[in-house]
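Chemist: Protein sequence lines, in the order shown, are assigned to chains A and B.
First residue of the first sequence: 1, per my numbering; consecutive thereafter.
First residue of the second sequence: 372, per my numbering; consecutive thereafter.
Since the hints were made in silico from the structure, they are not lab data.
Be careful, since some hints might not be right.
To be verified - Only pairs whose alpha carbons sit at most 25 angstroms apart, straight line, appear in this in silico SDA-like list of lysine to any residue:
hint: 1; chain 1: A; residue 1: 346; chain 2: B; residue 2: 713
hint: 2; chain 1: B; residue 1: 695; chain 2: A; residue 2: 338
hint: 3; chain 1: A; residue 1: 50; chain 2: A; residue 2: 116
hint: 4; chain 1: B; residue 1: 743; chain 2: A; residue 2: 116
hint: 5; chain 1: B; residue 1: 686; chain 2: B; residue 2: 534
hint: 6; chain 1: A; residue 1: 175; chain 2: A; residue 2: 244
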Amino acid sequence: MSRLKAFFLSLILIISSSTIWLTSCSESEISKPDFDRTTMLQNMADNLIKPAYSDLMNSVLALQTATTNFTENTTSTTLKEAQLAWEASYLDFQYTNAYNFGPAGPEGLQKAFIEEVAIFPVNADKIENAISTGTYSLTDANRDTRGFLAVEYLLFNVNEGSSSVVAKFESASRKKYLNDLMENLRSRTEAISTAWNTGFSATFIANNGTNVGSSTSALYNEFLKSFEALKNFKLGLPLGKISGQTHTEPTKVEAYYSGKSIEMLKAHMQALENIWYGRSKSGIDGIGFEEYLQNVTGGEALISATKMQLENISLAMDAVSTDSPLSVQIQNAPNTLDALFTELQKNTRYFKSDMSSLLGIAITFSDADGD
Amino acid sequence: MVLSTIRFMALGWVGDHFIKPTFHFHYFGFEWVSVLPPFWMYAIHVMIIITAFFVVIGLYFRASAILLFLLFTYTELIDVTYYLNHYYFITLVLFLLIFTPAHRHFSVDAKRNPVLATDHTPRLWLFIFQLLLAIVYTYAGFAKINYAWLIEALPLKIWLPANDTLPLMGKIFTWEITPYVFSWFGMLYDCTIVWWLMNSRTRPWAYATVIVFHILTGLLFNIGVFPWVMIVATLIFFSEQWHITLLTKLKRWLRYTDPVIVNAPNRVSRPVLHFFAIFFVFQLLFPWRYILYPSNLYWSEEGYRFSWRVMLMEKAGTATFYVKDPSTNKEGMVVNSEFLNSHQEKQMATQPDMILQFAHYLQSYYENQGIKNPSIRAEVYVTLNAQPSQLLIDPNINLAVIKDNWKTKTWILPISNE
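Next up, chain A with everything else stripped away, as it sits in the complex (with noise of 0.2 angstroms):
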């Protein structure tokens, strides 16, 4: 027993001995260049999420004033002039796609902000049952029935073009409504864009931590969630690739009625991109995610993984064509988008595992995924 002390005393002796010799070394030769998360968060904040519900904010005040304008002047030139607002607003939204914590969270009965403004595919039944009976709530549970792709609706007619759109407005109802739509988006951008602007800013900076709860997590967690609904609900549930489909759901698109639903794809995968880089929407690169591998155990392996396959989605993207509705090229070339589809899936693990392991993040989301 003595002997078998003398052992563990010596090497107990040992271990701190050259801990004390090592600690003594100078700091700066073993500890690893800092990484400050307040600066990747300042990053985000001031130069991606800031901006991005800034201009959000604008962009749906201008298409208030044009979707006003076409009701109190109802007009296929201020139809016009409403559908291209309506697409540079929406367009904007991708850019806050993936912000879905803090103010855009959910709150109560309120879910987050994406749910409340943006489902796809929106019930027209709903909507027109609302419009013709004239009672609706505008937060009840039918998100269907509301937010930007209610609006794209209202505004858009694949089939029937402009002149059907202008002739069912004539309808006073039809105004009303989609002014109320208008009115509830308008506010609802206006609280999360004010928040971040006023007092929320700050404490997303100063909630520094790694834990759940943290701005980290949080930013991260919806980012994952935000590439995960674009693969999967974007493109996996129209192109048919979903488990349980027996063939193609073209319908399904986000942005059906407008055909834009290409171009949302587009913006919102450079949105994606941008967060992980830390890149402003002008492309200024500064702090991001990228910056954070770095300086983690593991980090430039992942880095040059993720980098690559960025980039092969990028060329994947280029290939599909904007000149025709993504409803329509999945029904005749659906290869394209297949392809795409692979390489976004071949991605996935980068970004969720892998990222969360190294950085040492929780993935917290799920429950809100499957309604």
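Since the structure of chain A is already known, use the hints to place chain B on it.
Modeler: Quick look at chain B alone, frame taken from chain A:
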């Protein structure tokens, strides 16, 4: 040796147990496991609290202990993704507790039926708990003696820097040396702490180390009640005198007077002795079963569970399942989140037996949806200790026709080190 030591252990443990139901809410809410309706799940958790309280005060001790063991084990068995070594430890302690005469001193049973009352107990009743703790610690320590843990300081090298915002200590975790120190200390601690606790001279220092070690790990890692369980459980190594003093204070505070002692404790019967011998032989041998599997233990996890391997690796996976209808040859990708919560998905994605279980679930789900004999395959990429992720299992094999068993899983691909 005073038998009440055991009781105290139960008391301390149960004190912690009361906070558990809040963690347990995770247990219900999944459609894919056969859980009882929510009301009964709540009822069972309430019953666990009640029986645990009965065990502590020693009321209907034997019946309460059996019921507690059964109920607690039931909640553990519901969902394997919730497997935690310390729940397993608690299950074993509860099991052993059933046999002990812990109700024969300082208990309601002893009050109600003074024939039971005694103030001595065979040493064995302490020994079994000490032995169990010794196995837990030492085996956890042995498991840490490996290349990744000691030489590469993995996975602590990954985990510690993520804690750099912890007050005061945070900065330390960004130093390159820190994970090495922690790794070596952790290994030495686990391997030897039981010896330091058994020796009366080193015991105060050892126990101080126990407190520091477990509180620190509790702060750093999300491991629930485990630190508190261990901090209290290790008190069983303290001296008889220490426990008597504590109990006397407790009795005075509760105004408990001992009944007149008329009976000496029963000797432990032979069958029970034999039974414990088998129990511990099993406990000693079972964790080594991984040797029988040719695969890399950390990669395949064949023989990983129930072996006191705690916090040993950083592992994460992305599992994508594909369901194919053989009649049309059309294959579809499964959106996991439609079936699993994030915790389950995360656990499943790295553990082959769970991947297989989920595949079988998908098989029956899609059979009900009208696909005849669906074939299920899974593309599973796993990263172990920050290595680039690679395929865990054969992505082309039809999991629907594979049965899980104790044999080595030939469809697990070997890990290659780059």
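Chemist: Work down the list of hints and note, for each, if the structure agrees.
Modeler: These are the hints, each one checked on the structure:
Of the pairs offered as hints, the one joining residue 346 of chain A and residue 713 of chain B holds, with about 20 angstroms between alpha carbons and a cut-off of 25 angstroms not exceeded. Under the criterion of a C-alpha separation no larger than 25 angstroms, the hint pairing residue 695 of chain B with residue 338 of chain A is consistent with the structure, at around 17 angstroms. Annotation: proposed proximity of residue 50 of chain A to residue 116 of chain A holds, straight-line Cα distance about 20 angstroms (limit 25 angstroms). For the proposed pair residue 743 of chain B and residue 116 of chain A, the alpha carbon gap of about 39 angstroms is over 25 angstroms, so the pair is violated.
With a C-alpha separation of about 18 angstroms, the suggested pairing of residue 686 of chain B with residue 534 of chain B holds against the 25 angstroms cut-off. A hinted pair counts as satisfied when its Cα atoms are at most 25 angstroms apart, and residue 175 of chain A with residue 244 of chain A does not qualify at roughly 40 angstroms.
The structure shown violates the earlier hints numbered 4, 6.
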